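What follows is each chain in one-letter form.
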Amino acid sequence: MTERLTDLMHRAVDDLRVPPAPTQRVVDQGRAVRRARRRGAAGVLAAVVVVAGVGAGATWRGTSEVGPARPDDAGKAVQLSGSGPVLAVGSTVVLDGGDVVARVDGTVRGLLYTSTGVVVRYGAAPERLALVAADGTQRELPTLPAGVVPATDVDLPYLAYAEAGSGSTEVVVVDVRDDSEVARVAVPGTTGSLPAPPRVGLDGDVVYVEGGDDVRAVTWETGEVDQAPQVQDVTTVRGGRTILSQGGTRSVVDVGTGELRGLTIGPSGTLSLSPDGRYAVFGERLVELDTQTPVRLGFRGPVGWSPSDQPFVVDGDRLTTCSPKTGDCVETRLDVPGTGSDAVLRLGGETAGS
Amino acid sequence: MDRDGTPTPAFTEFVEVAWPGLYRTASLLLGDHQLAEDLVQDALAKTCVSWRRVREPAAARSYARTVLVNTAASWFRHRSWRREWPTDELPETAVGGDPSDRPAVVAALRTLPPRQRAVVVLRYYEDLSVREVADTLGISEGTVKSQTSHALDRLRVALGDDVVPAPSSGLQRSRP
Numbered sequence: 013m014t015e016r017l018t019d020l021m022h023r024a025v026d027d028l029r030v031p032p033a034p035t036q037r038v039v040d041q042g043r044a045v046r047r048a049r050r051r052g053a054a055g056v057l058a059a060v061v062v063v064a065g066v067g068a069g070a071t072w073r074g075t076s077e078v079g080p081a082r083p084d085d086a087g088k089a090v091q092l093s094g095s096g097p098v099l100a101v102g103s104t105v106v107l108d109g110g111d112v113v114a115r116v117d118g119t120v121r122g123l124l125y126t127s128t129g130v131v132v133r134y135g136a137a138p139e140r141l142a143l144v145a146a147d148g149t150q151r152e153l154p155t156l157p158a159g160v161v162p163a164t165d166v167d168l169p170y171l172a173y174a175e176a177g178s179g180s181t182e183v184v185v186v187d188v189r190d191d192s193e194v195a196r197v198a199v200p201g202t203t204g205s206l207p208a209p210p211r212v213g214l215d216g217d218v219v220y221v222e223g224g225d226d227v228r229a230v231t232w233e234t235g236e237v238d239q240a241p242q243v244q245d246v247t248t249v250r251g252g253r254t255i256l257s258q259g260g261t262r263s264v265v266d267v268g269t270g271e272l273r274g275l276t277i278g279p280s281g282t283l284s285l286s287p288d289g290r291y292a293v294f295g296e297r298l299v300e301l302d303t304q305t306p307v308r309l310g311f312r313g314p315v316g317w318s319p320s321d322q323p324f325v326v327d328g329d330r331l332t333t334c335s336p337k338t339g340d341c342v343e344t345r346l347d348v349p350g351t352g353s354d355a356v357l358r359l360g361g362e363t364a365g366s
Numbered sequence: 333m334d335r336d337g338t339p340t341p342a343f344t345e346f347v348e349v350a351w352p353g354l355y356r357t358a359s360l361l362l363g364d365h366q367l368a369e370d371l372v373q374d375a376l377a378k379t380c381v382s383w384r385r386v387r388e389p390a391a392a393r394s395y396a397r398t399v400l401v402n403t404a405a406s407w408f409r410h411r412s413w414r415r416e417w418p419t420d421e422l423p424e425t426a427v428g429g430d431p432s433d434r435p436a437v438v439a440a441l442r443t444l445p446p447r448q449r450a451v452v453v454l455r456y457y458e459d460l461s462v463r464e465v466a467d468t469l470g471i472s473e474g475t476v477k478s479q480t481s482h483a484l485d486r487l488r489v490a491l492g493d494d495v496v497p498a499p500s501s502g503l504q505r506s507r508p
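Sequence lines, in order, name chains L and F. If you count the first sequence from 1, position 247 lands on 259 in the working numbering, and the numbers rise without skipping. If you count the second sequence from 1, position 66 lands on 398 in the working numbering, and the numbers rise without skipping.
Calculated directly from the structure, the hints in this document are not laboratory data. In this text the structure is predicted, and so the values were computed from the model without any measurement. Watch out, some of these pointers could steer you wrong.
Quick list of simulated restraints, FRET-style, between CB atoms [as the list claims (entries may be wrong)]:
| no. | chain 1 | residue 1 | chain 2 | residue 2 | range |
| --- | --- | --- | --- | --- | --- |
| 1 | L | G313 | F | L367 | 51 to 59 Å |
| 2 | L | R308 | F | P341 | 37 to 45 Å |
| 3 | L | G339 | F | T475 | 54 to 62 Å |
| 4 | F | P341 | L | G339 | 15 to 23 Å |
| 5 | F | E473 | L | D347 | 55 to 63 Å |
| 6 | F | E345 | L | P138 | 19 to 27 Å |
| 7 | F | S478 | L | D354 | 28 to 36 Å |
The following residues of chain F were derived to be distant from chain L, with all beta-carbon distances above 10 Å [unchecked claim]:
| no. | residue |
| --- | --- |
| 8 | A342 |
| 9 | D364 |
| 10 | Q373 |
| 11 | D374 |
| 12 | V462 |
| 13 | G474 |
| 14 | K477 |
| 15 | S478 |
| 16 | D485 |
Each residue gets a CB set at the ideal place from its N, CA and C atoms; glycine is no exception.
Let the hints inform the model, and build the full structure from the sequences given.
Pasting the structure below:
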């Protein structure tokens with residue numbers, strides 16, 4: 013019945029004069045998008061925070077009519093000023109290495125970098141979320157279902173999580189700029205009634221989700237679901253790399269091929285990947301993974317990362333921030349008013365599984 | 333693209349091979365050659381960024397097509413685009429002239445809302461199954477069927493029964 017329509021459409025375009033493929037322009041544009049994603053991660057916060065909550069009753073807006081993908085959004089991310097460490101003490105969030113202090117209505121449970129600001133997880137039962145943006149505003153985000161732990165990518169304005177769907181787990185991706193749901197993908201072979209929602213990791217256009225005995229890679233732009241045999245801990249995937257434990261050792265490997273990217277260590281101690289996967293830290297050692305260049309840092313201990321990949325530690329009221337290129341470190345004093353010595357410390361960029 | 337931003341030879345070869353087909357599909361979706369060129373370039377640039385995750389060359393075209401359709405959808409959502417193309421209005425009469433005329437079918441497609449247009453192009457030009465269209469657009473198979481039905485009703489008005497026969501007068505296309 014539609015053969016004539018098919019024929020007409022083919023005749024309409026099959027003998028079109030097709031212009032030459034602008035291969036170089038495509039490649040240049042691809043590079044620009046990639047560079048913009050990197051730039052979008054540079055710096056997150058630089059001003060006093062203003063509360064402009066939308067209320068706890070807010071909900072994520074529904075998926076738009078045609079499709080989930082907005083892959084160009086990252087490329088249009090506003091270049092932000094300020095790139096220093098982000099940390100939290102109790103309910104106080106310290107931004108840009110101490111230049112800005114913000115407060116939320118509950119103990120901070122996690123700090124997640126996005127290209128448009130820091131998503132702050134705080135409070136309990138139900139946990140709440142706030143987005144602290146580059147222009148100094150703070151906005152409350154819709155509350156997630158109980159037990160759900162979201163994930164972000166420092167290069168993207170998105171937040172991903174998993175929840176029980178009708179018969180299977182569903183991966184959800186939302187845009188934190190306008191609370192819109194940009195993708196919802198059912199993961200075949202998973203159950204929709206787990207005791208707790210599975211953890212996820214977001215890395216570019218892939219959401220890694222725990223699926224019982226294995227890990228699935230969900231390309232959220234297309235809905236494609238694959239196995240991810242190289243991924244053991246979904247929260248450690250960053251910039252196409254992850255931490256793999258094998259035979260009593262741990263290594264940084266490529267998530268697609270399992271190829272060793274360096275820094276193999278023993279079973280004890282903390283191994284941490286930087287937000288975009290360019291660097292790894294173990295003890296006092298930092299390695300630039302692309303070049304295998306080692307640098308010795310002037311500190312040990314739980315490591316946080318600034319949005320621009322600077323490692324940092326906090327010891328009492330001292331914040332030490334280092335250059336990942338040279339290992340040079342700068343120590344500054346943190347003045348966090350209104351916090352007791354027993355307040356919980358959270359570091360931005362921590363590898364959750366470390 | 334490698335991690336350092338260098339495009340792989342396989343990707344540049346893919347661009348050369350995929351460009352003509354994607355350009356034709358984009359031309360049907362948009363009805364404008366310059367915009368089609370821009371759309372395909374955008375879609376391939378995004379594919380370039382994700383190239384290291386494309387494991388099978390055979391899947392690359394499908395991936396790029398999905399990105400292309402979703403990028404077009406993003407364009408359609410833009411308000412100024414909607415003003416430029418008031419696609420929700422059904423023409424009162426069939427498009428004048430010979431319905432087999434090439435501009436007529438492109439003009440008829442432009443009368444369809446964006447999702448219906450995408451469904452028609454993917455099903456009847458790209459020859460995808462209902463399931464494949466659903467996967468590409470991220471919608472249910474039921475929605476694909478209903479959108480197809482609505483689209484064919486509109487195209488019948490625009491192009492006539494000879495091109496799009498009424499369901500009762502012919503056999504339904506039964507490809508799943």
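We went through each hint and held it up to the structure:
At roughly 55 Å, the beta-carbon separation of L:G313 and F:L367 lies within the given 51 to 59 Å, and the hint holds. Checked against the given bound of 37 to 45 Å, the beta carbons of L:R308 and F:P341, roughly 39 Å apart, stay inside it. In this structure the supplied range 54 to 62 Å holds for L:G339 paired with F:T475, their Cβ-Cβ distance being about 56 Å. Remark: the range hint 15 to 23 Å for F:P341 to L:G339 is contradicted by a beta-carbon distance near 37 Å.
F:E473 and L:D347 have their C-beta atoms about 60 Å apart, which keeps the hinted 55 to 63 Å range intact. Between F:E345 and L:P138 the beta carbons are some 51 Å apart, a value that contradicts the proposed interval 19 to 27 Å. The beta-carbon spacing between F:S478 and L:D354, approximately 60 Å, falls outside the hinted interval of 28 to 36 Å. The Cβ of F:A342 lies farther than 10 Å from every Cβ of chain L, with a closest approach of about 12 Å, so its non-interface assignment holds.
The Cβ of F:D364 lies farther than 10 Å from every Cβ of chain L, with a closest approach of about 12 Å, so its non-interface assignment holds. Not every CB of chain L lies more than 10 Å from the CB of F:Q373, the least distance being 6 Å, so the non-interface label is violated. For F:D374, the non-interface assignment is contradicted: its Cβ lies about 7 Å from the closest Cβ of chain L, within the 10 Å cut-off. The beta carbon of F:V462 is kept farther than 10 Å from every beta carbon of chain L, the shortest such distance being approximately 13 Å.
Every beta carbon of chain L lies more than 10 Å from that of F:G474, the smallest distance being close to 15 Å; the non-interface claim holds. Residue-level check passed: F:K477 sits 13 Å from the nearest beta carbon of chain L, beyond 10 Å. Once the 10 Å rule is applied to beta carbons, F:S478 is consistent with being away from chain L; the minimum gap is 13 Å. The beta carbon of F:D485 sits about 13 Å from the closest Cβ of chain L, which is more than 10 Å, so the claim that it is off the interface holds.
Hints 4, 6, 7, 10, 11 from the list above are not met by this structure, while the remaining hints are.
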